[in-house]
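S.K.: Take a look at the letters that make up each chain.
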Amino acid sequence: MILKEDINQLRKGILRILVLKLLSEEKKYGYELLIEMDKKSNGFFKVKEGTLYPILYKLEDGGLVTSKWEFPSDRTKAKKYYYITHTGRQVLSELIDFWNCLAVNVEEFLCQENDGK
Amino acid sequence: MGNNLDQYINKIYRGLKLPNKIKRHIKADLTSEIYSRIENGEELNDILSSIGSPEEVIAEFESNHESEYFQFKKTKVLMLIVWSVIAVVMVVLILYSLIEIIYPQWAFSPVFGGANGNQAVFIAFKWPLKELVFGLIVKAVIFIISLSQVIRHIKFSKGNKDVRSSL
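As they're listed, the protein sequences go chains A and B. Take 27 as the starting number for the first sequence in the working numbering and just add one per residue. Take 21 as the starting number for the second sequence in the working numbering and just add one per residue.
Incorrect hints may appear among the rest.
SDA-like, lysine to any residue: derived pairs with alpha carbons at most 25 Å apart [to be verified]: (1) A:K74 x A:Y107; (2) A:K38 x B:G35; (3) B:K175 x A:K72; (4) A:K66 x B:G35; (5) B:K41 x A:K66; (6) A:K72 x B:E80; (7) A:K106 x B:S104.
Partial chain A-side listing against chain B, Cβ under 8 Å, derived [stated by the list, open to error]: (8) K53; (9) Y55; (10) K74; (11) T77.
Calculated from the structure, these hints are not laboratory results. Glycine is no exception: its CB is placed at the ideal position from the N, C-alpha and C atoms.
The following block holds chain B by itself, in its conformation from the complex:
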């Protein structure tokens, strides 16, 4: 019984496209209601079918929290843009780091210095290989994180269409 109930509640919780604060309220209220009905002698399956399928419950909650739903959706789109930009920037930086490691002669080297009369001093700087590799790893990790966030947000938008179209 516990498993069925947990699955039902978790499916609703995960499916709701609403701020976490509201989702936590919904989870607590639904769980509390179901337990009181069980204590009143009702069967779990009867209770769940009277409340409705997780998809129906999600659609109804979202349509009654319309402003929060659209605000949440807007934030998600903004996050998708931000993560996409980060992913693209990381790709560029990773490619540049690879060039720095494989073809160091093609990479830009920062040059500091100046001239005074007939004397001039210029210092060219190059990162040691160990630090270049470390930098590459850090960029790769950031890229993987941003890519996973992009995929998550794209999945969210797809899931969104499915639930709303069932309304």
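Okay, chain A solo, but in the shape it has when bound:
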């Protein structure tokens, strides 16, 4: 039970970075994000709508992402596109630096622990 909660918390934090990364490439709508997240992670980050949209709303509340309804020329219904903001790009770059640092340090830490055994 605790393990599941820990994994969920870790995943949520990482998903925020991944969503920002995908939006930094191009504007996207919700379903597009779900598909790309699944494809690019080979199914590891296959998330449901109930997980993705709350992340987008929180990023939007924080001013890192903005949304706009648009009518694509070949569609009859409007789609809600999400865009990364200037602040979002700055935060993403800081998060990537932090992630690289974190990954190296955690890896080193875990390896040391194994060596000690």
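Please arrange chain B on chain A, whose structure you already have, making use of the hints.
M.R.: Only chain B this time, still in chain A's reference frame:
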């Protein structure tokens, strides 16, 4: 197709125990996603089963909006207390109004006045029957409204347990 989709979306919208602003976002995003998938050639039933049952969708959204969910729940409990107090006060006032109408001699009458030397003037006031009845109707309406709100909030708390326990 439209009916199925509307039923699905409305069930989620009504079931979500979140602030209306977030609920409207969720409704708009889910509807938009489903329509784009239909336009891409997917079948509605396949789309709905891949998204999950309304109960699953509600549980997932609520668990990812945990702070808003608990804040919303707290507000609902507070509203339940407020409406319950209003309902109880109205019951007391209605009973008192009935006493005023049926047994006017038992009701308190406001008395104004004063004394100066050996002269004293006091005026007792009683509401006319027509106004008492009007007051009774107003209190009864407020009581019915508050009672319906109390029932609504109690139903909300019960519904809450059902959805969260499915997590």
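S.K.: Run every hint past the structure and note whether it holds.
M.R.: Do the hints match the structure? See the list:
For the hint pairing K74 of chain A with Y107 of chain A, the CA-to-CA distance comes to about 18 Å; that is within 25 Å, so the pair holds. Straight-line distance between C-alpha atoms of K38 of chain A and G35 of chain B comes to about 24 Å, which keeps the hinted pair within the 25 Å bound. Between K175 of chain B and K72 of chain A, the direct Cα distance comes to roughly 35 Å. Violation of the 25 Å bound is thereby established for this hinted pair. Restraint check for K66 of chain A and G35 of chain B: not satisfied, since their Cα atoms lie roughly 33 Å apart, outside the 25 Å limit.
Of the pairs offered as hints, the one joining K41 of chain B and K66 of chain A is violated, with about 32 Å between alpha carbons and a cut-off of 25 Å exceeded. Among the hinted pairs, K72 of chain A with E80 of chain B is consistent with the structure: their alpha-carbon atoms are about 14 Å apart, no more than 25 Å. Between the alpha carbons of K106 of chain A and S104 of chain B the distance comes to roughly 42 Å, so the proposed pair goes past 25 Å and is violated. Proximity of K53 of chain A to chain B is violated relative to the hint, the smallest CB-CB distance being about 14 Å (cut-off 8 Å).
Checking Y55 of chain A against chain B: minimum C-beta separation of about 7 Å stays under 8 Å; hint holds. Annotation: interface hint on K74 of chain A holds; nearest CB of chain B at approximately 6 Å, less than 8 Å. This hint holds: T77 of chain A has a C-beta 6 Å from the nearest C-beta of chain B, less than the 8 Å allowed.
Hint compliance for this structure: hints 3, 4, 5, 7, 8 are not met, and every other hint is.
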